[in-house]
Amino acid sequence: MDLGFESPLRVISVNGTPELTFADFARGLVSDWVLSPLLTEQDFNQVKAEIDRAVFHLPDSKIAALFIDHLRLFGYRILGEIPWTETKALDLEYLMPLNVRQRGIALFLNKPQSYTLLTKKILDMSTWDFDPELPMLSDFVICLDFSNEQVALKYFERDLIIKKSQTSPTVVLLTRAHIRDMLLAMVLVMLADEYVLSMSGLPELKQRFHDVIQRWGLETQWSVAVKETAQKPAVS
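Residue numbers (the numbering used here): 3 to 238.
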């Protein structure tokens, strides 16, 4: 997948499949580390610091590739591009239980924290009387903000979004911090496989993984990473 950017507007070209995945990136990081045999608390903190440095110094194009892989890991299917003008947008589908299909969009915010663009796009979708295809894209919106800061989108002028159903899409904002957390969970799964399973499930080490996963709030990402690596979890 080509993810090229033209400064300063970050115009993204999306074609094919992403060249960078969480699993491959995690394997490359783990292979370069030298850690103590029992993985001390200092080792875990070192791992987290290394992943912080890796993610927050990645170019935007690679963050975009990991964002797309993030969508795949959590069960979203990319159907194609949507020809917005200001920023790149992808048409998404999510299959729920009982074969219920939701449709949504992924938006790449081409300026840091440019949330006015998000509001404008949702307002564009509210004009579905003029474009019958737009209602199919209004279940959810997942945005990627390339900013290095961890920010939270709690408000985006919902009252301005007027539709016959009087509803507006559910909006989720992902940042580099979310990419970091997913990569951290993937690395921990690989380390658990290497250290815990190879040492016949050493109880103290298993408990150490439990504590780290809970302290860093990675339970959901851990489950996804275990499924992605197709291995029996060393820490259950």
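In short, the hints are calculated from the structure, not lab data.
Warning: the hint list may mix true and false statements.
To be verified - Here are the simulated DSSO-like cross-link-like pairs (lysine-lysine), alpha carbons at most 30 Å apart as the crow flies: (1) Lys50 - Lys229; (2) Lys50 - Lys64; (3) Lys50 - Lys208; (4) Lys64 - Lys229; (5) Lys208 - Lys229.
Here the structure is a predicted model, which means the values were calculated and not measured.
*For which of the previously enumerated hints does the structure constitute a violation, in increasing order of number?*
none
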